Amino acid sequence: MNFSLYDFTSFNQWIDKFLNDNLPAFWAVAAEMVIIGVAILLFYALVGLFLVYAERKVCAFMQNRVGPNRVGPFGFFQTIADFIKLMLKELIYIKNADQLLFNLAPFIVIIASFMAIAAIPFAKGLHAIDFDIGILYVIAVSSLGVVGILLAGWSSNNKYSLIGAMRSGAQIVSYELSVGLSLVTIIILAGTMQFSEIVEGQRNGWFIFTGHIPAFIAFIVFLIASTAETNRGPFDLAEAESELTAGFHTEYSGIKFAFFFLAEYMNMFIVASIAATVFLGGWMPFHVGSWAGFNQVMDYIPPFVWYIGKTFFVIWIMMWFKWTFPRLRIDQLLTLEWKYLLPINLVNILIMAFIVLMGWHF
Amino acid sequence: MKEVINLPVKNVEEEEYHINMGPQHPSTHGVLRLVVSLQGEIVKSLKPHCGYIHRGIEKMCEKDTYPQIIHLTDRMDYLSAHINNHAVCLLVENALEVEVPERVKYIRTIIDELNRIASHQLWWCSFGMDMGGLTCYFYGLRDREKILDIFEESFGSRLLHSYYTPGGLMMDIHPDFQKNVKAFIKYFRKKIKDYDELLTGNVIMQLRSKGVGYLSKEDAISYGVTGPSGRASGFSCDVRKHHPYGVYDKVDFNEILGTKGDTFERYMMRMNEMHESMRIIEQLIDNIPAGDYTAKMKAVLKLPAGEYYQRVEASRGELGVYCISDGNKTPYRMKFRSPNFSNLSALDHISRGVKIADLVAIGGSLDYVIPDIDR
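Here the protein sequences line up with chains A and B, keeping their order.
Each residue of the first sequence is one higher than the last, beginning at 437 in the working numbering.
Each residue of the second sequence is one higher than the last, beginning at 680 in the working numbering.
Hints were generated in silico from the structure; no laboratory data involved.
Every value quoted in this text rests on a predicted model; they were computed, and no experiment measured them.
Heads up, a few of these hints could be off.
Claimed, not checked - The list that follows gives simulated cross-link-like pairs (lysine-lysine, BS3-like), each with its CA atoms no further than 30 Å apart: (1) Lys726/B <-> Lys531/A; (2) Lys726/B <-> Lys595/A; (3) Lys869/B <-> Lys858/B; (4) Lys869/B <-> Lys775/A; (5) Lys920/B <-> Lys939/B; (6) Lys889/B <-> Lys595/A; (7) Lys872/B <-> Lys493/A; (8) Lys869/B <-> Lys493/A; (9) Lys726/B <-> Lys775/A; (10) Lys595/A <-> Lys723/B.
Stated by the list, open to error - Facing chain B, from chain A, some residues (calculated, C-beta under 10 Å): (11) Arg492; (12) Arg501; (13) Tyr596; (14) Ile599; (15) Pro670; (16) Ala676; (17) Glu677; (18) Ser678; (19) Glu679; (20) Lys758; (21) Phe761; (22) Pro762; (23) Ile766; (24) Ile791.
For each residue, glycine too, the CB sits at the ideal point set by N, CA and C.
Given the sequences, and given the hints that come with them, work out the whole structure.
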């Protein structure tokens, strides 16, 4: 076995070979699926818990507060304590709610985010599945979440929830366009939709640098649109605490609420991962043209660390947004998308196509 | 056991639906209940239902002596408690024709203005929160704490002070009072810039508040909208200017007047009033004359039979106290004209045709305190 922090391919092949040597082919595949599933589930839960903690700390720093500091060192286990509390909490039975849809909704939301995480490359050779249409798959899967939100709002039999769900529907359907189109800009530059190849294409410079101004514009648009798509502030109209109490999840309690909560943070992680992978080079280290020594030092940092660092940088930007800006109104939100972001995006794609055709990119 | 109660629905167009905002709702600032008729997201009309925190303060006043009444007025608009106290004290003093020492007048004016700043700070917090900017809340509270510390140092309480008594003050100010107030003003002049950077100058905030929730001057007058909300519509209603009390006739300050009458204008009124209040305090703080902190008063105060009215400028508008005395030690009838009640009455008029989000912002800009509405 040849385990390396820099390339997981041989490690994966070793596991594959080990299972195939000891099990029939069908059971080997089944075992692999279970291993991957459990690994992703663990990762999902850990990242979710950590993000909730991180958000609390970041928000506390922005607001002159200390943040959680009682449970464990620096309050690190606060979210775990909270999660235990949420699991033990009573699930309130809503009398006039549509029980089937009401119970189904949180699962749809969480499954959508769970599926999206499968396609993301965490390091070289460390991804569950490497589609040749990876980006398309992620966009398609992450937009399933809105179905869960709409169901939650509709089945709760609560007017606040319904307003929140309708807002969310309008918002996600609109901003999906901008997310997709800003990624198309980069697809034109990269010439592929496969995540591993996109990352590989950034070996000599991240797309945000090599793609001239259009790539930068696409990054900004993606950041705005994906913040809106994940229902986070300043676009958190679906929850809009001061208007709709808690929006679509007003009636949920206990673990079902925790699912929505976790899914929100994981969606944030997923869009940040995509931003990091597509614009900031994924797990590729930071290289500067001819500085051989500098590049070598950068290469020593494992790819996984690069990936996590970039992702959390994007997440931090999104948290910064949330805790600084007031909330938009629904008509302004749609105006921003349809009158500003969409035209900018379309022009941006044209410019990018032109640049790629002329070979002006680096 | 599934029984659906069919409530009769009257005079409602088919496509309208109602939601109850409150009594438990994050942005009604207390236990106000607004029955909002909506068409999609658009507010068609709304009906405020008050009374959830009605404590019968006016009736209780009839059983209490005048010094006791002061403690009840704290509980009306608890964010401008000093100013409420001031109204009752002035009423009693004017009725008894007591000459209050100059020192008392100066201290009362300074503390009223400090209270106004503290109240506007809390308004800024909650307005930011209504807009969805949660960080504002902590910035505002952080600075309000400094004022409360000054209050606590001088007379021990932070929210419900009851510091003024008929004829003077409960006790003298703390020796460090002047120093601390000056330090606070120096501090807050810097910090108020943060407020502007965080919220006032924000594009989203300006987009959401400019041109939204328009109240004309005529409507402001006919609804009796006073205070910063009324002045935003150009209704010159500052009691401090028109009927000066305390030492407001001796200080140089501007009545902040607006023209546009929208949410943003109401916002700017309060921001500018904080600057004006600091100016007033700066003019007075070094000139507090020496002397007694209270005039000589009788042990039992009995107002001569008759009707009395006293108005002061509370931080949310004109607070009027109307009192009928039959010569006893308790009033025969006490009536408070609370600014929030009148301001709330304009809410339906202002917010017809706006979105739910704007309704919340308008509510924030009117800055109602529910215990003052219900009393």
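Structure-based check of all given hints:
{"no.": "1", "hint": "Lys726/B <-> Lys531/A", "result": "holds, 28 Å"}
{"no.": "2", "hint": "Lys726/B <-> Lys595/A", "result": "holds, 18 Å"}
{"no.": "3", "hint": "Lys869/B <-> Lys858/B", "result": "holds, 17 Å"}
{"no.": "4", "hint": "Lys869/B <-> Lys775/A", "result": "violated, 38 Å"}
{"no.": "5", "hint": "Lys920/B <-> Lys939/B", "result": "holds, 21 Å"}
{"no.": "6", "hint": "Lys889/B <-> Lys595/A", "result": "holds, 28 Å"}
{"no.": "7", "hint": "Lys872/B <-> Lys493/A", "result": "holds, 25 Å"}
{"no.": "8", "hint": "Lys869/B <-> Lys493/A", "result": "holds, 26 Å"}
{"no.": "9", "hint": "Lys726/B <-> Lys775/A", "result": "violated, 36 Å"}
{"no.": "10", "hint": "Lys595/A <-> Lys723/B", "result": "holds, 16 Å"}
{"no.": "11", "hint": "Arg492", "result": "violated, 12 Å"}
{"no.": "12", "hint": "Arg501", "result": "holds, 6 Å"}
{"no.": "13", "hint": "Tyr596", "result": "holds, 7 Å"}
{"no.": "14", "hint": "Ile599", "result": "holds, 7 Å"}
{"no.": "15", "hint": "Pro670", "result": "holds, 6 Å"}
{"no.": "16", "hint": "Ala676", "result": "holds, 7 Å"}
{"no.": "17", "hint": "Glu677", "result": "holds, 6 Å"}
{"no.": "18", "hint": "Ser678", "result": "holds, 4 Å"}
{"no.": "19", "hint": "Glu679", "result": "holds, 5 Å"}
{"no.": "20", "hint": "Lys758", "result": "holds, 9 Å"}
{"no.": "21", "hint": "Phe761", "result": "holds, 6 Å"}
{"no.": "22", "hint": "Pro762", "result": "holds, 4 Å"}
{"no.": "23", "hint": "Ile766", "result": "holds, 6 Å"}
{"no.": "24", "hint": "Ile791", "result": "violated, 30 Å"}
Violated hints for the displayed structure, listed by number in ascending order: 4, 9, 11, 24.
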